[in-house]
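Line by line, the protein sequences are chains A and B.
Everything in the first sequence is counted per UniProt numbering, starting at 1 for the first residue and increasing by one.
Everything in the second sequence is counted per UniProt numbering, starting at 1 for the first residue and increasing by one.
Some clues are possibly wrong.
Claimed, not checked - Keeping only pairs whose Cα atoms sit at most 16 Å apart, straight-line, the calculated EDC-like set for lysine to aspartate or glutamate is:
(1) B/Lys181 to A/Glu322
(2) A/Lys139 to A/Glu129
(3) A/Lys254 to B/Glu221
(4) A/Lys258 to B/Glu66
(5) A/Lys171 to A/Asp305
(6) A/Lys171 to A/Glu322
(7) A/Lys139 to A/Glu103
(8) A/Lys112 to A/Glu150
(9) A/Lys187 to A/Asp234
(10) B/Lys181 to A/Asp219
(11) A/Lys50 to A/Glu6
(12) A/Lys350 to B/Glu221
(13) A/Lys187 to A/Glu151
(14) A/Lys182 to A/Glu143
(15) A/Lys112 to A/Glu151
Simulated from the structure, these hints should not be mistaken for laboratory data.
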Amino acid sequence: MGGATETFYSVIRRQGMTRRSFHKFCSLTAASLGLGPLAASSIANALETKPRVPVIWLHGLECTCCSESFIRSAHPLIKDALLSMISLDYDDTIMAAAGHQAEAILEETRAKYKGRYVLAVEGNPPLKEGGMFCIDGGKPFVEKLRSMAEESMAIIAWGTCASWGCVQAAKPNPTGAAPIDKVITNKPIIKVPGCPPIAEVMSGLVTFITTFGKLPELDRQGRPNMFYSERIHDKCYRRSHFDAGQFVEEWDDKYARKGYCLYKMGCKGPTTYNACSALRWNGGVSFPIQSGHGCFGCSEDGFWDKGPFYDRLTTIRQFGIEENADQIGMAAAGVVGLTVAAHAAVTAVKRLTHKPDRAAQKRKPS
Amino acid sequence: MFVNDMLDKARKLLAAVDAEPTERTIGAGIAYAPVRLWHWVNAAAILMLSLTGYVIGTGTPAMSGEASGNFLFGYIRFAHFSAGYVLSIGFLLRIYWALIGNAHAMQIFWVPLWRRCFWREVYHEIRWYAFLTVEPERRVGHNRLAQLAMFFMFTQTITFMVVTGFALYGQGAGTDSWQYKLFGWVFSIWPNSQDVHTWHHLGLWVIVTFALVHIYAAVREDSCRAGASLL
């Protein structure tokens, strides 16, 4: 671990990077964050003067897809983010230390950087049976999470697991897996949902926090506005086909080949807040819709339970039936319609039989 | 307090409803005309919203030609949103009318569930619709059963549809739009807007079911009760 005064700039100079490349990096990062022309110099200034932010990266119930995504970041390169910008003091997937040595780092960071380190959490804790479904370092993960969260500056909830619960919290959620904000309620939590989140979103967020020493502006759900303020649908390049009423009907029809909108094939783009249609994946190569497949809505709450993935309307599971809103509604309307018809028939019969003495009827007390 | 004033007013109005003679007195057209006007504007908006809403939920058959030469789905959504605005503004005016209009104007917003006599009248109406009695109880305004249906199936559902509708519209208009600022709290209840879509869609079918019963009851009333007016 470096000293408290080690800055990003001193680290990259030691690694042989020129000052010119450093400023190029700052401009590129400022541009990718959508910041103004002066931001590049303030990024440079911050990285030259501020001590590197210590980051503790914990893994709960997860599949490590967030880490896999993170290490593929291109702007900034993950090498820069990981080795220079932040001081990644603990990450059991990629750290060299192991066993007691590794666990000692947690205690050390907790004491030395009290209230100054960022806790990044990938995955979430299961809460049933006292958290026994996820044991990490000999203790339930939920205990480790609570103790590390206590002294942290802020918490980054990586991925849909930490943000919403994801697959382990999908019905019937046997382990009681719960998103981070259900366990930690007294710390600022930045949700970075996605299964996994886009690499550039992850590294961009890290850059923002290290540069400005504060958290970005968050939306109602606790997601950074700069990446999650618009839906996939809002910037989708197939949007014009949506407005035109040109939809793919079958996976192998001519409309699919023409690249029409995947709305009728269950694309969840209209309900999903993420940056895929703007930033794309793998360094801007493509994203699911560009590859001809609808959006799953992987960055949204409970997306596993909003299926089928290939239908526009969600299946409603209640009382053992599995129908969508249209089927339930039509059935209800049908039953009521038949009842109305039957009632009308009885009324007609009654009128025919009772008509003559109707006027003579006295009002009966009920 | 404004709320207290309103509640007082509502109580007075209800007392007036109860004191109203049970003979037909609705001929006072000037007080009744705004409600009728609202009813038909509202009905037209609901018809438009239901049809376009159903199509928005299922999608249209593919249009031929270039995307630049078509705007079918855009027009359908435009019609849906416009009708939504008509419905919402109409509903606000209807609430205003309930506060300043006559006693009956309050009926669909105020159901005295806690009153014994209310339930006695509901019971009587159930008997009337079950052919167990020949004389309906109430002749002016809505009968008590109709009032229940209006409140729980129409007023509540329409309120729900307006709120969820504007919330969903706010997503398209952007998180800095007034629609999102005013109705974005819906997404604190259902963070995934796919759920809001599902509920909004179920709301359509509640309205359809209501419309079936409503139209049947109105037509039946018209043919069964002498002097009753459909309009």
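For each hint, the structure was consulted:
no., hint, verdict
1, B/Lys181 to A/Glu322, "35 Å, violated"
2, A/Lys139 to A/Glu129, "13 Å, holds"
3, A/Lys254 to B/Glu221, "54 Å, violated"
4, A/Lys258 to B/Glu66, "10 Å, holds"
5, A/Lys171 to A/Asp305, "7 Å, holds"
6, A/Lys171 to A/Glu322, "14 Å, holds"
7, A/Lys139 to A/Glu103, "11 Å, holds"
8, A/Lys112 to A/Glu150, "14 Å, holds"
9, A/Lys187 to A/Asp234, "32 Å, violated"
10, B/Lys181 to A/Asp219, "11 Å, holds"
11, A/Lys50 to A/Glu6, "8 Å, holds"
12, A/Lys350 to B/Glu221, "14 Å, holds"
13, A/Lys187 to A/Glu151, "9 Å, holds"
14, A/Lys182 to A/Glu143, "14 Å, holds"
15, A/Lys112 to A/Glu151, "10 Å, holds"
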